[in-house]
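J.: Given the coordinates of chain A, work out where chains B, C and D with the ligands should sit on it, guided by the hints.
Protein chains in written order, with UniProt numbering: chain A, 1 to 211; chain B, 1 to 211; chain C, 1 to 331; chain D, 1 to 331.
Hints in this document: simulated from the structure, not taken from any laboratory. Careful: at least some of the hints might be erroneous.
[What the hints assert, rightly or not] The calculated DMTMM-like cross-link candidates involving lysine to aspartate or glutamate, where the alpha carbons are at most 25 angstroms apart (straight line), are:
1. A/LYS66 with D/GLU115
2. C/LYS2 with D/GLU119
3. C/LYS2 with B/GLU25
4. C/LYS2 with D/GLU230
5. B/LYS66 with C/ASP85
6. C/LYS311 with D/ASP25
7. C/LYS2 with B/ASP24
8. B/LYS66 with C/GLU119
9. D/LYS2 with A/ASP24
10. C/LYS2 with D/GLU202
11. D/LYS2 with A/GLU28
12. C/LYS2 with D/GLU211
13. D/LYS2 with C/GLU202
14. B/LYS66 with C/GLU230
15. A/LYS66 with A/ASP50
16. D/LYS2 with C/ASP32
17. A/LYS66 with D/GLU119
18. A/LYS66 with D/GLU124
19. D/LYS2 with C/GLU124
20. C/LYS2 with D/GLU241
21. C/LYS2 with D/GLU210
22. A/LYS66 with D/ASP32
23. D/LYS311 with C/ASP25
24. D/LYS2 with A/GLU25
25. C/LYS2 with D/GLU209
26. C/LYS2 with D/GLU225
27. D/LYS2 with C/ASP233
28. D/LYS2 with C/GLU211
29. A/LYS66 with D/ASP85
30. D/LYS2 with C/GLU241
31. B/LYS66 with B/ASP102
32. B/LYS66 with C/ASP32
33. D/LYS2 with C/GLU230
34. C/LYS2 with B/GLU28
35. D/LYS2 with C/GLU210
Note that the structure is predicted; figures quoted are calculated from it, not measured.
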Amino acid sequence: MVCTTQHVIAAMRAAVRAVSENRDELVELDRAIGDGDHGENMERGFLAVDTQLRLVSPGTPAAVLKTTATSLISSVGGAAGPLFGTAFLRAATAAGERETLDGAAVAALLRAALDGVTARGRAERGDKTMVDALAVAVEAAERTADEGTGPIGVLRSAATAADSGARETIPLVARKGRASYLGERSAGHLDPGARSVALLLHAFAETGGDR
Amino acid sequence: MVCTTQHVIAAMRAAVRAVSENRDELVELDRAIGDGDHGENMERGFLAVDTQLRLVSPGTPAAVLKTTATSLISSVGGAAGPLFGTAFLRAATAAGERETLDGAAVAALLRAALDGVTARGRAERGDKTMVDALAVAVEAAERTADEGTGPIGVLRSAATAADSGARETIPLVARKGRASYLGERSAGHLDPGARSVALLLHAFAETGGDR
Amino acid sequence: MKKIINDPADVVVDALRGMAAAHPDLLWVRTDPAFVTRSDSPVRDKVALVSGGGSGHEPLHVGFVGTGMLDAAVPGPVFTSPTPDAVQTAVREADGGAGTLLVVKNYTGDVLNFETAAELVQAEDVGVRTVVVRDDVAVRDSTDTAGRRGVGGTVLLEKIIGAAAERGRDLADCHATAQRVAENVRSMGVALSAPTVPHLGEPSFTLAEEEMEIGIGIHGEPGRERVGLESADGIVRRLLEPVLEDLPFREGDQVLLFTNSMGATPLSELYLAHGIAERMLADRGVRVTRRLVGPYVTSLEMRGMSLTLLKLDEELTRLWDDPVRTPALTW
Amino acid sequence: MKKIINDPADVVVDALRGMAAAHPDLLWVRTDPAFVTRSDSPVRDKVALVSGGGSGHEPLHVGFVGTGMLDAAVPGPVFTSPTPDAVQTAVREADGGAGTLLVVKNYTGDVLNFETAAELVQAEDVGVRTVVVRDDVAVRDSTDTAGRRGVGGTVLLEKIIGAAAERGRDLADCHATAQRVAENVRSMGVALSAPTVPHLGEPSFTLAEEEMEIGIGIHGEPGRERVGLESADGIVRRLLEPVLEDLPFREGDQVLLFTNSMGATPLSELYLAHGIAERMLADRGVRVTRRLVGPYVTSLEMRGMSLTLLKLDEELTRLWDDPVRTPALTW
Ligand SMILES: Nc1ncnc2c1ncn2[C@@H]1O[C@H](COP(=O)(O)OP(=O)(O)O)[C@@H](O)[C@H]1O
Ligand SMILES: Nc1ncnc2c1ncn2[C@@H]1O[C@H](COP(=O)(O)OP(=O)(O)O)[C@@H](O)[C@H]1O
Ligand SMILES: [Mg+2]
Ligand SMILES: [Mg+2]
Ligand SMILES: [Mg+2]
Ligand SMILES: [Mg+2]
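Just chain A, with the same shape it has in the complex (with noise of 0.2 angstroms):
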């Protein structure tokens, strides 16, 4: 029940899918209270992290993250570029020498990561951001760690919660990013951050470890 380099680089393989298959529903969430380009701008990074992890061919689980992050903030640009390349740069730092992840672990990357997105962004939850589905997202693959399940439950339920996390932004009105430029309007949409990390830790969960 552990997660092994290869795991992580089918993982960040099937998010690369899940990007480019999502791309046109990221691109309308974005268009609806930003300037649209969200699914444009995860696919041309998730593109680049793919090209980058066959030509780099990493040798331990954080250096498949932190090539995802150097590929994400080279190539992304927009907010959504250095956000995410933030949060797996911090997921890198945090897996540190370990060859393998456990559900722990897993836990642990993703704390470092919403912390990263939140220095560098400044988003709190409630600010209508990627955040508010990454954070309930850390909240639960910590619950589930603690009860000391595997990587890729823990990753599911991050996944569940990111979801509901996501789902819980339509409401909010915007007070970071492009959307809190609509003020009152930003209400009733879905945020598209907030949904791609849904996507991504779906994609994760799906490949992410053993079962």
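T.: For chains B, C and D with the ligands alone, kept in the frame of chain A given last:
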């Protein structure tokens, strides 16, 4: 059976009304094969004519026609301004010192107008311009005048002939004016300037002389 | 109709008032009749360069009034030539004693009204000459028709002859040089959408989502043919080839390439098209030595572009490079 | 989608190639990563002024590279901030040893990416400072939100600080002056139609025939409120009043009035609106001493406009008047 200065003024007033009432039709015709301003141009011109006639109170048919000409020239712009302006200017010259106009005089004035338009615009019959309506109108006017008909009868036959002259422009390919830029695509549309000639002649015929 | 205007009947004069406010150092604006002169007009002993035509093509002509270009511009109503008296009044204000050259785009209305204006001006003992620009190869060149329209080439001519006049050349020289420019310039345009004349309130024609109009004029009049929308490569080729063939422009020729927006084309698309045109010209060995890219001869909010080529020689190049200071063109 | 483009994925680079062809004397263009520098870059011992941001706002920023304005501009994909490495590479090429000032419009993406770029650059021992432009009064100014967007004010800042750098002022001075400009400039915009991002193929939002969007941004994001279309007087008042109240601008203040087109607004409408704004300002005793009118901060083919007011003092006025030579701004 003669036409006095007052009749000529009344005829011009009728033209003012006719142009205003048919402004939109002229716009539509010009939109199809030109730049859509012919209705505006004619209306602006004849409103200026109306104003000037009130200010000037011309004392002879020639003076009415000259006031009309200069008002058109200095207010219309576009192709129609100088062309109709020249037409009325030449008609004024042809009217000379006459206090009244009989049928033959009206026919002579129309002939002078036509000569003016062709001298200015260098269009020939069949080029799909106002000349196509005016030329057949002049011929009809001359025929009717030769039969000893009065001014109103002459104008009526001119107007009726102008109608068919205008209609005959429909199949033609334009060789002069803006419609010529369309080449073959100008066929199938009534020439707006030809329509204006018919409109003016009908207006004159309704009020243009002792019955 | 979506426009930032007050009364549609007043758009020309209201816009002129805004120009006057925006360029107090460059322009002197009158509204009845409507015309614009250089703020230092008349310039003593300099040939006056005066142009005009229907409004709706801004910055043409009013935006080209200033040092090194036009002395006066006479805007008519939208898409309608100004009247002779307006032109006459403008010439009276602009003429500095060395005569006036009228720049007229070849439209029946413009030609006839400026013709009358020239007669009126001559009667006041002002030396006056006229150059007629007819550069649009979309229209068949023929003496038994109205002939070719004046489009993008007008700007190039006004810049070059403005420089000639500024250098103190006399009327005959300015006129001869203007003729030379007119003979060596060719253009062709395309529309992706139609303009809407303010007082008409509706677009002049309708194009389906996947259509474009090739050989478009600048007055909302339809073009030569309607075809399916193509890539930028295809569009540029459709404009450039008839232009090249017409003069013709040959291998080794030095040219000025003017890539013009019809109004609503984003600058990025315009540069993109310009880059393609430069490449196609390079492939044929035609040497682009000067260029102009921007919205200079527009048709209200029409989307589309035109390409203009002017064959250059040393003298025309020098005059093009001379300083110019107007609202729309400055170097 | 009606655009003059080839592959939608290549629009940014294809447009840059066209710019390179159009302005060989002014610009040096690179495409991987995409950025533009002055042709004489790096300028020894001059503070380098570097900006960038999403594409689609042309001429911002690439059209403002040249003498007296930007040393380099880094265009991202359409409406998307460039990445840190692109900015880093551009700074490397532009920095002449006196440090670099980054001009960033206040959008989360731009701020974060330029922040990272600044860190990377600093690690290479280049002195770097950042000024963030946040002039859009349509957005509530608050520390617990993303805060105000950077819009029209950016051009004015780039021109003025470009002049300061050209005069040889040091990085601290350029930065302080830039802050002063940023603090004294306010803008607000309106859209009459939406832009279409090339690779999306559909307009970013839909406005009915009689609607306009007040407080619009420049990225196709909807604005603050949607209201019925009004006369030019009404539109200008809706933009000008919140701008005036915000700083606030007071009777006797000297200001630069910048009337900006969002892309597809005809120049005549823009001048018309400018004239109204000048009149309204005169009525309140605010003195317009400098002005800029044109499409300078656009949003692709969006129809609409923005008004920007900058409170001037003698120094800012002098810097504004300094010569500038770029593709889009020259005097
Ligand atoms: N300050 C922030 N903190 C956390 N997330 C943010 C912040 N600002 C924006 N986001 C997230 O970024 C998403 C938008 O990303 P994207 O569309 O790619 O970038 P941009 O807004 O630059 O176009 C939003 O939906 C939101 O979840
Ligand atoms: N050379 C010409 N000779 C005679 N009539 C002409 C000529 N050119 C144009 N016209 C007439 O002018 C009409 C168009 O007038 P108008 O729309 O007012 O001017 P413009 O073409 O300048 O917009 C045409 O329908 C045609 O009848
Ligand atoms: Mg976005
Ligand atoms: Mg017409
Ligand atoms: Mg017309
Ligand atoms: Mg974006």
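J.: All hints are to be evaluated individually against the structure, with a verdict given for each.
T.: Evaluation of the provided hints:
no. : hint                  : result
1   : A/LYS66 with D/GLU115 : holds, 19 angstroms
2   : C/LYS2 with D/GLU119  : violated, 46 angstroms
3   : C/LYS2 with B/GLU25   : holds, 23 angstroms
4   : C/LYS2 with D/GLU230  : holds, 9 angstroms
5   : B/LYS66 with C/ASP85  : holds, 16 angstroms
6   : C/LYS311 with D/ASP25 : holds, 21 angstroms
7   : C/LYS2 with B/ASP24   : holds, 21 angstroms
8   : B/LYS66 with C/GLU119 : holds, 18 angstroms
9   : D/LYS2 with A/ASP24   : holds, 20 angstroms
10  : C/LYS2 with D/GLU202  : holds, 20 angstroms
11  : D/LYS2 with A/GLU28   : holds, 20 angstroms
12  : C/LYS2 with D/GLU211  : holds, 9 angstroms
13  : D/LYS2 with C/GLU202  : holds, 20 angstroms
14  : B/LYS66 with C/GLU230 : violated, 54 angstroms
15  : A/LYS66 with A/ASP50  : holds, 13 angstroms
16  : D/LYS2 with C/ASP32   : violated, 40 angstroms
17  : A/LYS66 with D/GLU119 : holds, 18 angstroms
18  : A/LYS66 with D/GLU124 : holds, 22 angstroms
19  : D/LYS2 with C/GLU124  : violated, 52 angstroms
20  : C/LYS2 with D/GLU241  : holds, 22 angstroms
21  : C/LYS2 with D/GLU210  : holds, 7 angstroms
22  : A/LYS66 with D/ASP32  : holds, 23 angstroms
23  : D/LYS311 with C/ASP25 : holds, 21 angstroms
24  : D/LYS2 with A/GLU25   : holds, 23 angstroms
25  : C/LYS2 with D/GLU209  : holds, 7 angstroms
26  : C/LYS2 with D/GLU225  : holds, 17 angstroms
27  : D/LYS2 with C/ASP233  : holds, 14 angstroms
28  : D/LYS2 with C/GLU211  : holds, 9 angstroms
29  : A/LYS66 with D/ASP85  : holds, 16 angstroms
30  : D/LYS2 with C/GLU241  : holds, 22 angstroms
31  : B/LYS66 with B/ASP102 : holds, 19 angstroms
32  : B/LYS66 with C/ASP32  : holds, 23 angstroms
33  : D/LYS2 with C/GLU230  : holds, 9 angstroms
34  : C/LYS2 with B/GLU28   : holds, 20 angstroms
35  : D/LYS2 with C/GLU210  : holds, 7 angstroms
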